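Peer 1: Could you build the full structure based on these sequences and the hints that come with them?
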Amino acid sequence: MTNLTTKLALATLIGAGLVVGGTVEAAPKKGGILNYVVGSKIPSYDGHKETTFGMIHPIRPYYSTLIRVNPDNPASPTDFVCDVCVGDVPKGEEGGTKFTFKIRKDVEFHDGTPMTAQDVKATMDKIIFPPKGIPSARKAFFKAVASITAPDDETVIFKLAFPTGTFIPALALPFNFIYSKKDLDTHGYTWHQKNVNGTGAFKFVQHQKGSFVEGVRNASYHHKGKPYLDGIKAISAPKLAVRVQAIRGDRASIEFRGFPPKHRDDLVKALGNKITVQESDWNCVLMFAPNHKVKPFDDPRVRRALTYAVDRHGGSKYLSRIAIVKTVGGIVFPNHPFAANEAELSKLAGYSKDIGASRAEAKKLLAAAGVPNLKFVLNNRGVDQPYKVVGTWLIDQWKKVGMKVTQRVQPSPPFYATLRKKKDFDVSIDFNCQSVINPIADITKFLTTAGNNYSAGGDAKADAIYEKLLRSADPKEQRAMIRQYEKRVIDDAMVAAITLWWYKINPHRSYVKGWKIAPSHYLNQHLDNIWLDK
Amino acid sequence: MSKYILKRILMLIPTLIGAAIFVFFLLRLIPGDVCELRLAGTGLYADPAEILLCQKNLGLDQPLFVQFLDFLWGYVIFDLGDSMWTGFPVVHEIAIRFELSLQVAIMATVVAVAIAIPLGIISAVKQNTWIDYVVRTFSIAGIAMPSFWLGILIILGLLIGSQHFFGEPWMPPITYVPIWIDPMENLAQLIWPAVATGYRYSAVATRMTRSALLEVLREDYVRTARAKGLIEKVIINRHALKNSLLPVVTIIAIEFAFLMGGLVVTEQVFNLNGLGKLFVESVENQDFNMTQQLVMLVVVIFVFTNLFVDILYAWLDPRIRYS
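Chains as they are written, first to last, in this note's numbering: chain A, 491 to 1024; chain B, 74 to 396.
Incorrect hints may have been included.
What the hints assert, rightly or not - One-sided excerpt, in silico: chain A residues whose CB lies under 8 Å from chain B: (1) Pro533; (2) Ser534; (3) Ala630; (4) Ala727; (5) Pro728; (6) Ala907.
Said to hold, decoys possible - Taking lysine to aspartate or glutamate and the EDC-like style, the derived pairs with C-alpha atoms no more than 20 Å apart in a straight line are: (7) Lys699/A - Glu357/B; (8) Lys911/A - Asp120/B; (9) Lys519/A - Asp562/A; (10) Lys622/A - Asp134/B; (11) Lys629/A - Asp120/B; (12) Lys531/A - Asp155/B; (13) Lys633/A - Asp120/B; (14) Lys699/A - Asp155/B; (15) Lys1024/A - Glu241/B; (16) Lys912/A - Asp134/B; (17) Lys911/A - Asp134/B; (18) Lys531/A - Glu357/B; (19) Lys723/A - Glu258/B.
The set of hints was computed from the structure by calculation and includes no laboratory data.
Here the structure is a predicted model, which means the values were calculated and not measured.
In this text, a Cβ means the ideal position worked out from N, Cα and C, and glycines have one as well.
Peer 2: This is how it looks when you write it as structure tokens:
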């Protein structure tokens, strides 16, 4: 067994350990309504179109997906299980270019229509090959898919143009709601924006706009014996203080996105053992992007000085007490087998534990570039957690090597306008927040041609490495290539820098059982495994 | 009188058109775009073609003047359009929140009047006594204390107090139930924001009642009434109070109009799904259509409240309509 395969197996076993731990709990009780608070708004009900957790948290429980992250082991970045398919998630055939899924026969839409392979094909066609004028937010994740066929009602076959490690994680995205072919044919491709008809654990009852979404137990749910709850109610509460108070006052039992450390501590202090806290690394990372088109940031020495000046290890220790950031990592989610280990990280610019040496290097680079007293403006987003906290910390870090930085904080719309349209910033806070951990897809942000690479620059060598990486099917080779790519994009060419990875904290009422924290607030939101120990 | 009312109504037309122009173009000056926020606001990658498609679907690719004409045409054909964020009709989105905002506004007005009128009278009658000082301190505190801050204190007080006395923290409900479905649940949610806003509102009205009543109490006809030997209670209630309430009615009416769309922060604190919260969300989402229509709704409420007050003035004081 190769070292990497061992790691992949280990990642699954860690999760399996949690499952064993979970079985110590009492048997699930049936009944009850789960009230939970959601800090964002629902744009539409269409998972294929939307990107926000404001839609996922209230709507995901009404839908199924072809495969999903193992709900009993969501901490593992590589453990996927079938949802509406049968058996294990298939391994690729024909050199990793063909995936055959056998579809369950006992799945039914909430309107009573049986679900077949034709529905899965119609759904995936809509996501991957949408007709002109129909939005699909994640079709880029499926670039490798050449065709989808459903030779009978129980089989769906995906054929890929080339083997890629991005396919299975992309298939498990929680946004890939299975729609009924009949609905798509009868009502059109935009019907699901305002209507719900899924095969999920709960049936949609009502949406009181701006207030709550309510659902009841789906008695004919295909995962027999589930869900345990009689119903769910997703309550909209945009203000963080209201969400915290709602849990404290038991108006809601849980919030699935995450609270800052102080609110966790406040809740625990107020309620003691009536609160249970689950914590996890989070597949979101805060970055800073220098504008390569603005002098002196066109000089890689200046860009590298920016990253050398930042004490990530020190920042992790102190910022994690006040903000939702914690983990020091490279470009890949820290717990993934493809992520850089400590020894590999320490070789990258700005990751050494000897911050004195790093800062001396930063000063040397600035002097060599002719800007020993660099002055610039940091463009930041007017959101406290973690943007403003980390932005303020970065300014202090840069000050320690003689840079003079002022912060320009803007509300989200003008912040995005600066980043994407005007592009008139020196250095900007940036971020990368994904759902299913899919390293090869997630790191595209650094590519020269990537639409979300806001540094206006890139690195030809890194682009070439990525092209090979995308077409590799060997995990060992993939990991090695990711290391080369990482060295280029956050060190040698310093396209953009990683600051700290986010850290997810979910304090909830202790009577909420069965839900396990995932490394993303988009995951494990079908809620079929939750029960109330009341 | 009818000529006066007609004149006032005709004056509404240029006011509303001016407001429409102002709102439409001012909103377009704000950088950002609803499609970018929706598709890439969470940090996920958004294909530029998807953003363009979204803009096209929402009509944002049209020249500004065409968008403006569309906006005005909507009033002609009684179609206020759809929310750019949810896709549901604006009328529907506003209607479901209007009821809650109206109830809070009415309850806050009742709280304010119940506090302001008696305290204002007592303060005026007991001018420069310790009672007057207490009332004035109470009302100045109300003006100085933002209602959202008072709201936060109320919620924290309820949580801490209930846990202390009953062992389990209690907070007001965070979802709205109409009063005819569950009156207790409805009042348990709305009484607190009504108190928080009503207190600030009452502080303004108390001070107005006091100063207006003091002014009237110095009038010759009040002195004459006292000289005639009328008892003080009758002088205050029958002669002075009625005449002093004219400016108080104006203040109450304008505050009521403000409450209909102005409880922006208080609604957030109590998680009320009212017009104020919708306002904040639509601005945050760059939902131009919703924001425009909400601003126009507030303009209409203010304009008609002013019209009502003008007519009331004209009815109470004939000198106004003849001038």
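Peer 1: Taking the hints in turn, state whether each one holds.
Peer 2: We went through each hint and held it up to the structure:
| no. | hint | in the structure |
| --- | --- | --- |
| 1 | Pro533 | holds, 5 Å |
| 2 | Ser534 | holds, 6 Å |
| 3 | Ala630 | holds, 6 Å |
| 4 | Ala727 | holds, 5 Å |
| 5 | Pro728 | holds, 7 Å |
| 6 | Ala907 | holds, 4 Å |
| 7 | Lys699/A - Glu357/B | holds, 17 Å |
| 8 | Lys911/A - Asp120/B | holds, 14 Å |
| 9 | Lys519/A - Asp562/A | holds, 17 Å |
| 10 | Lys622/A - Asp134/B | holds, 17 Å |
| 11 | Lys629/A - Asp120/B | holds, 9 Å |
| 12 | Lys531/A - Asp155/B | holds, 16 Å |
| 13 | Lys633/A - Asp120/B | holds, 13 Å |
| 14 | Lys699/A - Asp155/B | holds, 14 Å |
| 15 | Lys1024/A - Glu241/B | holds, 15 Å |
| 16 | Lys912/A - Asp134/B | holds, 18 Å |
| 17 | Lys911/A - Asp134/B | holds, 15 Å |
| 18 | Lys531/A - Glu357/B | holds, 11 Å |
| 19 | Lys723/A - Glu258/B | holds, 17 Å |
Against the hints set out earlier in the document, no violation occurs for any number.
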